[in-house]
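Asks: Single-letter residue listing:
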Amino acid sequence: MTDTTQGAAEPVSVSSAWQLAKYGLVGLLFFVLLLAMLGWVTSYSAAGTRSTQAVDYATNTITLALSTEPPQLDSTRATDMVSGMLLGHTMEGLLRYGPDNELVPGMAESWDMDENGGTFHLRNDAYWSNGTPVTAHDFVFAWQTALNPDTASQYAFILFPIKNATGINEGEIEPGELGAKAVDDHTLEIELEQPTAYFLKLLAFPTYYPINEEFYRSTDGGYGAEAHTLIYNGPFKITKWVHDASLRLEKNELYWNRDQTRLDAIDYAYILSDANATLNLFATNKIVYAGLNSENLDRALRNRWHIKQHNDGSVFFLEINHRPDRITSNYNLRRALQLVHNPSELVYKVLKLPGNLPGESIFPVWLNGVEGRFRDEYPGPKYIINEEKAREHLAMAIEELGVDELPPLVLLSGDNPVSNKQSEYYQRLWKEKLGIEVKIDKQIFKLRLEKMTTGEFDIVAAGWGPDYHDVMTFGDLFASWNLNNRGRYANAEVDRHVAIAQSSSDPVERMEAMDRVQQLLHDDVAILVQYERGSVYVSDDRVKGVTRRAVGLDPDYTRAYIASDSED
Amino acid sequence: MSDLSFKPISLDTDTEERSRPSLSYWQDAWIRLRANKRAFTSLFVIIGMLVFACAGPLVWRIDPDAQDLDQTSKPPWGDRNALVQTYEPWEGVVSEEPQGDNLAPQSLELVGDATTTNVRLVWGPVPNSKGYRIFRQIIEPRPGDPLGLPIGETKGSTSVSFEDRLDIKPKSYWYSVVAINEEGEDFSEAATVKVDVAFSTTAANAVERGYIKDQNSVSVGDTIRVPLHPLGTDYLGRDMLARLMEGARISLFIGIVAPFLFVIAGVIYGSIAGFLGRNIDHILMRFADFVIALPFLLFMILFKLLFGIGPGESGILPMLVALVLLSWPGAARLVRGEILQIREEGYVEASRLLGTKTPRLILRHMIPNTMGVVLVTFTFAVPSAIFTEAFLSFIGMGVTAPTASWGSMCNDGIKTMESTPHELIFPALFISVTVLAFNFLGDGLRDALDARMRYGE
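Residue numbers (the working numbering), protein chains in the order written: chain A, 568 to 1135; chain B, 70 to 526.
The shape of chain A in the complex, shown without the other chains (with noise of 0.2 Å):
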């Protein structure tokens, strides 16, 4: 203590002055040394790894950004939207989705579909990347896994229609017994449990995509964790991958249909979630592709740059619990919060993003209906603010469950800054029109999942993204035995039109049933709909042919090429 005290105590000179300069000025000059020898070593180790430009016309490469490493590569398992987008690159089902939107063949080359199920004739030439022939055996082996109770596949629903799947899911029927059978090495013949009208809009799915059993045995369990540990079917295969850092794709040379990939290779050179990290990559040339949101819009039209939008055709919506336990089971006050929800205030003054359309109904604008679109068939309800009404319900509410005051409901969202803004909106809201004070229960994605699954909340907000092009794919989320209905949702009403719909091949009753559904899903407020999801991007003009797609792998560049200079 006294030792620095001492030199403190004499009084400021010139000369100490001029002392203070130089030593700052020394201080300075090592401080910009330091950076520039910094941003030195940055660029020389950058170099050696990775292309630099967004586009490369000398190796006819792209790069791109990857907002998060894909966390399961195993088909059988993947739920999230980066590794389908990957699966879908590197992956191929028996049908895929040509560049309108259309099912179009896959492995499959020709099939023969009525009402119990099909015979799929699998073409000669398919390979997978190691070499050996793409068979039925690797289809049926695929589904088996995805059901095998032992596997934990979330997604093993979406293999209910086949015949047996269900039972084999829940561990009651031999794995032998499903009712998908190789007949011989290229023909497969699928039988189902009940009509399903939408059946071969699933086989575009991931978890419908074919696993060789000799290489998946060979893995020892590490199917899908590397590069290596993977073979590949479709228009890339994954040649290199860094956990945490890129991954490359290149274009699969055995692929049967080759000529239609023009790329030589698909380099995600960055993994990183960081918005605008993403778009100062953007602007610097480093990337094709950068997504957008409310706070960088400005900078992408002070620029000048080529926005683009895009609707993805998810619906977002604020998920009750209607546990018993839980006070929101209360109808009185799920109707008074419904009396005071007003979609288009979240979506223009809250949110802000261009695209997002205000929800509605669990079922978004672009599904299709019986000829034209769902929506414009059967509207649906709308939602009608009325405050009055929604403090005589809320006072109901609070005689009938016999409380004085109503504690605080937990409302658990996610932490990023939209869930963040859209959160403390409704905190606000729900106070200042009703009173109730709200709790925010800030989780990742991971232990969100967790707690929506153990049903700790009283209001979530989730969403919902197409699997595939049918109705379906919204309708069954709210059935009581729907693992995805994480409010355990249950109304016997609401389970029988969903059974309707997915018996049924006649479209104008399956979509009356789905119109009751939403009706049902409304008037007894099971789940306050936000949003129906859009976004808006910036990307580099030279790269074409790129197509963006609400179902299935989006964005798809699988047809995508570089534009040539001339074009340009």
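Since the hints were made in silico from the structure, they are not lab data.
Don't be surprised by glycine CBs; every beta carbon is placed ideally from N, CA and C.
Take these hints with a grain of salt, some might be off.
[Said to hold, decoys possible] Below, computed lysine-lysine pairings styled on PhoX-like, alpha-carbon distance capped at 20 Å:
(1) Lys373/B - Lys1018/A
(2) Lys919/A - Lys240/B
(3) Lys875/A - Lys199/B
(4) Lys988/A - Lys1009/A
(5) Lys919/A - Lys238/B
(6) Lys282/B - Lys1000/A
(7) Lys1006/A - Lys373/B
(8) Lys240/B - Lys263/B
(9) Lys988/A - Lys998/A
(10) Lys1111/A - Lys818/A
(11) Lys768/A - Lys730/A
[To be verified] Which residues of chain B face chain A? A few of them, derived with a C-beta cut under 8 Å, are:
(12) Gln136
(13) Thr141
(14) Ile207
(15) Gly217
(16) Leu218
(17) Pro219
(18) Arg234
(19) Leu305
(20) Pro380
(21) Gly465
(22) Thr469
(23) Thr485
(24) Glu487
Assemble the complex: chain A is given as a structure, and chain B must be docked to it using the hints.
Replies: This is chain B only, laid out in the frame that chain A set:
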């Protein structure tokens, strides 16, 4: 030598002349602190901050949690004139079948007023189009440039109107409309119109927000004055000044209470160790070393669990406890060192020889002489505690929504740093100024309280 040689001297007390009045230790320190302009200014800044935090809300009576979604991310001293409007859903316009061979929509124009509630556009149809795409740009599009943000689409060549409601700010926009062909591609020519948007609110909203008392006192088209937001609003339209005041209370509470408690704990612990000395001192100080090695963040989380702080509840209490329980060894070490030194001083020896008892010895002679060090430790601990709170709230472990603290406000503001910098700059400025002021004050106190550094000695 006779007796006459000696003369009794007169009693003269004025043997030495006092050059300056007698000053106590604290008076002297105060004088020197006042002479230090930097430290003295800092003292006023700190007092100002305290007044801002405590008395501010009494003067600035705006609810820090109140959201005004009509005025989100408003810059400081934004326009206060609001046009009163009603919002009626708009059916849109359907034109007749298009004639002619124009590629660009003709006569793109505005319907009604362009306000922050809505902007309605209508245009002439384009033959052979499947629909129209509407773009919005914040700077004037140059020929050949992208038209800006794709804000919407219409279907069919005869649906020739669009209503924009998406986050419209009171400024100028350039709206462009392009027809879409069969393949979903844009036609080559666009129509563009510049729109100056006026700030508006609905009468019902104005009553709810308290801008006006009675809905009937205004009619559609009137202009009313909305409350001033001197520092602007945040992304949910909450008043920044009110939130900064709320944040100041949290930050300064943690920043002052936590150091106060742990410095007291440190003084007691350190003086016991220093006075008793030898083995006891040894054991006590090794324990202090052990506490220093404990990781703060881990304990913060542990205390959060221990207190049963659930999700969505404030983490301020565990933060306080963790700070106090883990930060005292620094102060204890300093005080122990001082005590060890003072123990050997002559005046302590003298006092002991005169029979002073131990408690009096510690309280009268030792602790007062360590006060300088203690005070300096305290002032230097404050900024670090404020930083800790800001950091923890920044990463989401401190206050929870809707409560604001400077750290959490920085966290919110950093996302919109480029478009609305005021949401980050103000809380960051408050943190910096407060921390700097406490550091300068600590510096000044250190100089002023050190008895060995008196001027002129």
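Asks: Run every hint past the structure and note whether it holds.
Replies: Results for each hint:
Pair hint Lys373/B plus Lys1018/A holds up; C-alpha atoms about 19 Å apart against a cutoff of 20 Å. Distance restraint check for Lys919/A and Lys240/B: the Cα-Cα separation of roughly 16 Å lies within the 20 Å cut-off, and the hinted pair is therefore satisfied. Restraint check: the Cα-Cα separation between Lys875/A and Lys199/B comes to about 18 Å, which is no more than 20 Å; the hinted pair holds. Distance hint between Lys988/A and Lys1009/A is fulfilled; the C-alpha atoms sit about 12 Å from each other, no more than 20 Å.
Among the hinted pairs, Lys919/A with Lys238/B is consistent with the structure: their alpha-carbon atoms are about 11 Å apart, no more than 20 Å. Pair hint Lys282/B plus Lys1000/A holds up; C-alpha atoms about 18 Å apart against a cutoff of 20 Å. Proposed proximity of Lys1006/A and Lys373/B is supported: the alpha carbons are some 16 Å apart, at most 20 Å. Straight-line distance between C-alpha atoms of Lys240/B and Lys263/B comes to about 11 Å, which keeps the hinted pair within the 20 Å bound.
Restraint check for Lys988/A and Lys998/A: satisfied, since their Cα atoms lie roughly 16 Å apart, inside the 20 Å limit. For the hint linking Lys1111/A to Lys818/A, the alpha-carbon distance of about 17 Å falls within 20 Å, and the restraint holds. For the given pair, Lys768/A sits about 17 Å from Lys730/A by alpha-carbon distance, which is consistent with the 20 Å threshold. With a cut of 8 Å, the hint placing Gln136/B at the interface with chain A holds, because the nearest CB-to-CB distance is about 5 Å.
With a cut of 8 Å, the hint placing Thr141/B at the interface with chain A holds, because the nearest CB-to-CB distance is about 7 Å. About 5 Å separates the beta-carbon of Ile207/B from the nearest beta-carbon of chain A, less than 8 Å, and the hint is met. Nearest Cβ of chain A to the Cβ of Gly217/B: about 6 Å, under the 8 Å cut. The hint holds. Evaluation of the Leu218/B hint against chain A yields a held restraint, the C-beta minimum of about 6 Å falling below 8 Å.
A cut of 8 Å between beta carbons decides the hint on Pro219/B: the least distance to chain A is about 4 Å, and the hint holds. Taking 8 Å as the C-beta cut-off, the interface hint given for Arg234/B holds, the closest approach to chain A being about 5 Å. The closest approach between the C-beta of Leu305/B and any C-beta of chain A is roughly 6 Å, which is under the 8 Å cut-off, so the hint is satisfied. Using the Cβ-Cβ criterion of 8 Å, the hint placing Pro380/B at the interface with chain A is satisfied: the shortest such distance is roughly 4 Å.
The interface hint given for Gly465/B holds, since its Cβ lies 7 Å from the closest Cβ of chain A, which is under the 8 Å cut-off. The interface hint given for Thr469/B holds, since its Cβ lies 7 Å from the closest Cβ of chain A, which is under the 8 Å cut-off. Contact between Thr485/B and chain A, as hinted, is supported at the beta carbon level, the nearest pair being about 5 Å apart and thus within 8 Å. The criterion of a C-beta within 8 Å of any C-beta in chain A is met by Glu487/B, whose closest approach is roughly 6 Å, and the hint holds.
The earlier numbered hints are all upheld by this structure, with none contradicted.
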